[in-house]
Amino acid sequence: MSKFFVFIDQFKGQALPASWEVVTAARQLADQAGGSVSALVFGPEAEALAQTAIHYGADEALACADATLSDYRPEAYTSLLAQLAKEHSPQAVLFPTTTRGRELAGMLAIDLESGVLPDVTAINLQDGKLVATRPIYAGKLLAKVVCNATPQLLTLRARAFGKPAADSSRSGSVSSVAAALAEGDIASKVVDYAAGDGRVSLGDAGVIISGGRGVATNPNLTPPAEITDAKEKEIWLAHQGFALLTELAEVLGAAVGASRAAVDAGYVPYAHQVGQTGKVVSPDLYIAAGISGAIQHLAGMRTSKVIVAINKDADAPIFKVARFGVVGDLYELLPALTQAFKERLNK
Amino acid sequence: MFVKQVPDSAAKITVENGVVNWGDAPLVINPWDEYAVEAALLLAEKHGGEVTAYSLGDENAKEALKHALAMGCQQAVLISDPALANADTAAVARALAAAAQKDGADLALFGKQAIDWDSGVTPSMTARVLGWPALSLVAAVPALDPAGKTIKVERAIEEGRQVVESRLPAALSIVKDYAEPRYPSFMGIRKAAQAQIPSWTLADLGISAPANTVETLEISAPPAREVSNEIITGDSPADIAAKLVDKIIGEGVL
Ligand SMILES: Cc1cc2nc3c(=O)[nH]c(=O)nc-3n(C[C@H](O)[C@H](O)[C@H](O)COP(=O)(O)OP(=O)(O)OC[C@H]3O[C@@H](n4cnc5c(N)ncnc54)[C@H](O)[C@@H]3O)c2cc1C
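Just so you know, the sequences run in chain order D and P.
Numbering that gives the first Met the number 0 puts the first residue of the first sequence at 0, with every later residue one more than the last.
Numbering that gives the first Met the number 0 puts the first residue of the second sequence at 0, with every later residue one more than the last.
Keep in mind the hints are simulated off the structure, nothing from the lab.
Note that CB positions come from ideal geometry on N, CA and C, so glycine has one too.
Hints are not guaranteed to be accurate.
[Unchecked claim] Here's a subset of chain D near chain P, in silico, CB distances under 7 Å, partners left out: (1) L28; (2) E46; (3) R101; (4) L111; (5) I135; (6) L180; (7) A186; (8) I226; (9) D228; (10) G265.
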C-alpha cells in the first residue's frame with residue numbers, strides 16, 4: 000500500500016494554509032492509489048496542527064515538538080524527515096511550494112538519493128508513479144516530469160489544487176516522534192526575528208490589489224512643504240496612492256502587491272513584489288492599478304482567475320490579459336471602487 | 000559563487016518537438032545570480048578573500064562567467080561534461096559541490112533561483128551534498144569571521160526578518176535586498192574578454208557521473224487562455240465602479 004507523506008509548513012505554531020491544500024491533494028492521490036496519508040508536523044503546536052491535518056484528510060500524523068525544532072532550521076528538519084522516510088518508506092513526500100518546502104525537498108532528495116519536482120501545478124498517477132506538470136520559463140511553457148526514484152519528492156504550488164475543506168469529525172492517530180539531531184549537531188541558530196507588516200502573504204491570498212509606478216502620479220496632491228527632496232516627494236505621493244489600494248484591500252480582505260518599478264522606486268518593500276523576480280501568485284481576483292503589464296510582471300500573475308486593470312493608457316499591455324479593464328485615473332476610480340464594494344458587501 | 004546562463008526574461012519562448020527555443024533573444028546571466036555576484040564581491044572587499052565564479056553548462060555559459068569576471072570576480076571556471084547534458088538538479092548540485100570542495104571554498108553563494116526552470120532548489124541541495132548549513136534568502140551579512148569560522152546573516156523570509164548565526168563553511172542564497180548589482184567596468188569588460196576560462200570535466204572534479212532521477216517526459220506550450228476583455232465605461236467614476244463591482248461579483252470570485 001502506498002503511503003503519502005505531507006510536510007506541514009508552519010511558522011511559530013501557525014500552519015501556512017497551503018499546507019492544507021497539499022493534504023487535500025494527497026488525500027485524492029491516496030484514494031486513487033489505495034494508499035494512506037501521513038502528515039509530518041514539526042515545531043511549536045505540532046500536536047494541535049497534527050489534529051488539524053487529520054481534519055483536512057490525513058489518516059495519521061507524526062508530530063515532533065522538540066525544542067530543537069522550534070525555529071525552522073533546515074538541517075534539523077531534513078534529518079528528521081530523512082529518518083522518518085527511511086522508517087516508513089513512503090511512495091512520495093509532498094511539500095507546499097514555500098521557501099521552506101522547496102529547501103527541505105531539495106535537501107531530502109540528496110539524503111535519499113532521489114530527485115525533486117518543484118512547484119507542481121497538476122499531478123497524474125500513471126502506473127503507480129506521480130507524473131507532475133510544472134510551469135517553466137515563468138509559465139511560458141509547461142514541463143511534464145517524473146521522478147524515477149522512491150520516494151518521489153514534490154512541492155505543490157499554492158492554489159493550484161483546489162480549496163481544502165476540513166471535517167472536524169475525522170479522526171486518526173497522532174504519534175509523537177523524537178528529533179533526529181541534538182542541539183550540538185545543528186550548525187545554525189536563530190538569534191533574532193522581526194515580524195513583517197503582515198499585509199504581504201501574497202502566496203495564499205484569494206484577492207490581491209497591486210500598484211505600480213502609476214500610484215505616484217497624482218497631479219492634484221501637493222506634498223507637505225517640509226518635504227523638499229524630489230525623491231521624497233515622489234515617495235510621499237506613492238504612499239498616498241498605496242493608501243487608496245490598502246483601503247480597498249481592507250474591504251476585500253486582500254493582500255497588497257506591487258510591480259518591480261514600485262519596489263525599486265522605494266514605494267513599498269520588496270516582499271510585495273509580484274512577478275518573475277518577485278512572487279508568483281494565482282489569486283481568484285487580481286486588481287492591477289497603475290501597472291503597465293510588462294512581461295516580467297505578467298509572468299507573476301497571469302494565472303489569476305479574474306484580472307482587473309485600471310490604467311490611464313488604453314494601450315497598456317495589462318489590458319490584454321485583463322478580464323475587465325477601466326481606462327482612467329486610479330486616483331478617481333479606486334475610492335469609488337472601495338465605496339461601491341462597501342455598499343454591495345454591506346461593510 | 001555560482002552563476003547560470005539563461006534566456007533573457009523578455010524572450011518569447013516557444014517549444015518545437017520538445018526543444019525549447021528563444022529565437023534570437025540573447026542569453027544573459029540569471030538576474031538573481033547578479034545579486035549573488037554583488038554580495039560575493041562586497042564580502043571579499045570587506046573581509047578579504049577571492050571570488051571564483053562557477054557555471055555548469057556548455058560553452059554558452061562562459062558568457063555568464065565573463066559577466067561575473069567583468070563585475071570583478073577574480074576567477075571563473077566552467078564545469079562542462081557530456082555526462083551532465085541532462086543533469087537534474089540533484090546531479091547539478093553534486094557537481095557544484097565537488098567544485099566548491101576542490102577549491103576549498105569557505106562560502107558558496109547562489110542566486111535565489113534561475114529564471115529558466117524556476118526550481119529554486121540548487122542552493123540547498125548543494126549545501127546538503129557538502130554537509131554545510133544552508134542559509135537562504137540572505138539580505139545582509141552583518142558579521143563574518145573567516146578565522147573564527149562564524150557568520151551572521153539576516154534573512155528576508157516571508158514572515159519578516161530573521162537573524163541567523165551559523166558555522167562556516169556555509170551556503171547562502173542571496174535576495175535582491177542585498178545590494179544593487181554593480182555595472183561591469185570598462186576595464187573589467189576588457190579583462191573578461193581576454194580571460195581564458197578553464198573547463199572542468201567530472202574527472203577533473205574527481206567524481207563519476209551523478210545519477211539522474213528526474214526525467215522530463217514532455218515540454219509543451221500551455222493551453223491558450225481565452226480572456227474575453229471587457230472595457231467598462233460610464234458617466235462617472237462612481238458609475239464605472241458600480242458596474243465593475245457587479246461584473247466582479249458576477250464572476251463568483253469573492
Ligand atoms: C530581469 C528582470 C526582471 C523583472 N522582474 C519584474 C518583476 O518581478 N515584477 C515586475 O513587476 N516587474 C519586473 N521587471 C520590470 C518590468 O520590466 C517593468 O519595468 C515593471 O513591471 C514596470 O512597472 P510598472 O508597470 O509599475 O511601471 P510603468 O511601466 O512605468 O507603468 C506605470 C503605468 O501606470 C500608468 N499610470 C500612470 N499614472 C496613472 C494613473 N493616475 N492612473 C492609472 N494609471 C496610471 C501608466 O499608464 C503606466 O502604464 C523585471 C525586469 C527585468 C529586466
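Hint numbers not upheld by this structure, sorted from lowest to highest: As far as the earlier hints go, 1, 2, 4, 6, 8, 9, 10 are violated by this structure, in ascending order.
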